[in-house]
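S.K.: Single-letter residue listing:
Number of protein chains: 2
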Amino acid sequence: MNLDDLARSTGEWLRGVGAMSDVVVSSRIRLARNLADFPFLSTATGTERTEIYRSVTDAITSTGGHEGSLLVDVAGADDIDREILVERHLISRQHLSAEGSRGVAIAPDETSALMINEEDHLRIQALGSGLELESLWRVVTDLDDALGERLAFAFDRKLGFLTACPTNVGTGIRVSVMLHLPALKITKEIERVARAARDMRLAVRGMLGEGTDVTGDLYQISNQTTLGKSEPDIIEPFCKVIIPKIVEYERTAREALVKHNAMQLDDSIWRAYGTLANARRIGSEETQTLLSPIRMGIHLNRFDLLDIPALNELFLHTQPAHLQKLHGRLLDDNDRDEVRADRLRSRLAC
Amino acid sequence: MNLDDLARSTGEWLRGVGAMSDVVVSSRIRLARNLADFPFLSTATGTERTEIYRSVTDAITSTGGHEGSLLVDVAGADDIDREILVERHLISRQHLSAEGSRGVAIAPDETSALMINEEDHLRIQALGSGLELESLWRVVTDLDDALGERLAFAFDRKLGFLTACPTNVGTGIRVSVMLHLPALKITKEIERVARAARDMRLAVRGMLGEGTDVTGDLYQISNQTTLGKSEPDIIEPFCKVIIPKIVEYERTAREALVKHNAMQLDDSIWRAYGTLANARRIGSEETQTLLSPIRMGIHLNRFDLLDIPALNELFLHTQPAHLQKLHGRLLDDNDRDEVRADRLRSRLAC
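Line by line, the protein sequences are chains A and B.
Residue 350 is where the first sequence ends in this note's numbering, and the numbering goes up by one at each step.
Residue 350 is where the second sequence ends in this note's numbering, and the numbering goes up by one at each step.
Hints were generated in silico from the structure; no laboratory data involved.
Each hint should be verified, as a subset may be incorrect.
Distance windows between CB atoms, simulated [to be verified]: (1) G68/B to L305/A: 28 to 36 Å; (2) R302/A to T225/B: 55 to 63 Å; (3) E285/A to N261/B: 38 to 46 Å; (4) E191/B to S42/A: 57 to 65 Å; (5) N301/B to D335/A: 52 to 60 Å; (6) A310/B to D304/A: 45 to 53 Å; (7) P309/B to D307/A: 53 to 61 Å; (8) R8/B to A262/A: 15 to 23 Å; (9) D342/B to T252/A: 28 to 36 Å; (10) R192/B to D333/A: 27 to 35 Å.
Glycine included, every Cβ here is placed at the ideal spot set by N, Cα and C.
Build the full structure now, drawing on both the sequences and the hints.
M.R.: Written out as structure tokens, the structure is:
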């Protein structure tokens, strides 16, 4: 696998399957780990960064990994390739714009991604479609065990794993899910739900995590603190109580829309389709905004010109870096909007 | 012909033909006449109104008229039928909502319409597609002559024809054209053109005349005063100089759009189409607004899913009264928006 193949595929986490996948687009668990023999990155020299990078990639390679894994040298990658990794949620924007040696090891089908020298020396991430935190937990645990045999992680008997940011100290775990909440948005209940989530010390963010706006009614919800809790203490209420509750709210809101405002709902779905299938230039944000009612429409069996995997492919491939990669060359803003409209039309025109 | 047939047809003035019909949708000339033996309507009693109505309709009937003419008793017509006459520009909104005996005699193909007891006892109107004022002038003159032989019109040797409103005294003529000026709107030159027209003592109004807003980039331009001028003095500069000048501005603006902003132009045309062809509910005003770029697109050979007669039919038949008449029953606002969307979809869906 190389980055070109990656850009053409849509990845495991956009397959549109898994528990509650009508609302939960994808789940992610990541662990933050640091090497005991090196300072945190905030104080590490360039040479130390490079040594950390080498130690971690050596450990990854020696685990055998999987056939078809991909190690990307993020420092050496070109801008488009780096952006592609961000658009696929394989690296963070912070990782993209950091300095010095850094990289990411990506498993086939993007079921896991190991970020080296992001905020911590190592971040072990597992990604999946729908609400599948238990299986993701097994993936990250296996990776953590395999790498822990080869690397000495910074660990304190009392505090647990030591991390660059205090909020990650302890288990170093962050559990997050990407939720599609268009009906709660329409019924204006979204703010109440977001407030309740924040009261439970959960972070509510845009699709691309910290500091990003919500577009396309996609919300990323994640735990904020890990200190003093075990991993099951964090995962279980999240996956058994909190997320199912939000999913229930969204489903109830969707049912109410179907029952009381079916025509308005269909109107918004089909107008979105009409614009996407006919525009001659269209921005990335507008595209995501318009794909939202269509996504809901498919789940409610009110729109059948696309299925979820096809929609997810469009969703991913119309983002700026993917668009340029698939088009084969760099494009300015205007050209991008035209190429995006062409791609949408060729997939959506009847 | 009856009103049901009328509602189904689109009429001569929406045929999309005639001089400069890429910009001039239609032309109209009307003459204001009053019977010498009766007071103006502002002071006429109900009985006098009825007598005027009878005198004028008798005169119309005795001219023989044409096979297939239609005399509508506006006072006795139901609301929808009255609104249909307004939507077809055969009567004014003022005529619709007036009190007492009144009516309109409509020639086959709606080439002329004689309003009885609107603001004046009689208004002789000729309507046509494109910029065709000379032929319309012949139509109104013939009607004026024929009726003048049978009715004594209020006439003063010095002032000319006497009318209810001083601005009509003299020839009693009003010449107006409906212009489609989307490019001047986009390039923001429309205000300058409208100001220049007003400086020449022309009225610039919305499609349905006095007191109506501009929708769908359709502007009605007409002369304001008639006193002290002969009919040719009014018609000739209007039809040979003023309107051609505005048409030239609009054409130049369209050419500039094609040359410098073709993609933006196509985008607006196709987005409008996408919405019209997919919406599940849509208002009358939004429909007219969206038909505007499509009208321009057809004339610029950038849109070929419709031709102008088909567009004009949609334009007319999606207006509230036509919509209900063709649907066969009264509809509330919500239902109307759904039926309108259905009609648009059935005509536009690919």
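S.K.: Work down the list of hints and note, for each, if the structure agrees.
M.R.: Hints and how they fare:
1. Take G68/B and L305/A: their Cβ atoms lie about 47 Å apart, and the range 28 to 36 Å is violated.
2. Restraint check, R302/A to T225/B: a C-beta distance of roughly 58 Å satisfies the suggested window 55 to 63 Å.
3. Against the hinted window of 38 to 46 Å, the Cβ-Cβ separation of E285/A and N261/B comes to about 22 Å, which falls outside the hint.
4. Roughly 59 Å separates the CB atoms of E191/B and S42/A, a value that falls within the hinted 57 to 65 Å.
5. Separated by about 24 Å at the C-beta atoms, N301/B and D335/A break the suggested range of 52 to 60 Å.
6. The supplied range of 45 to 53 Å is broken by A310/B and D304/A, whose beta-carbon atoms lie about 28 Å from each other.
7. Evaluation of the 53 to 61 Å hint for P309/B and D307/A yields a failure: the beta carbon distance comes to about 40 Å.
8. Separation of R8/B from A262/A is about 31 Å and departs from the stated range, judged on CB atoms against 15 to 23 Å.
9. A hinted range of 28 to 36 Å holds for the C-beta pair D342/B and T252/A, which are about 30 Å apart.
10. With their beta carbons about 31 Å apart, R192/B and D333/A fall inside the hinted range of 27 to 35 Å.
Hint compliance for this structure: hints 1, 3, 5, 6, 7 and 8 are not met, and every other hint is.
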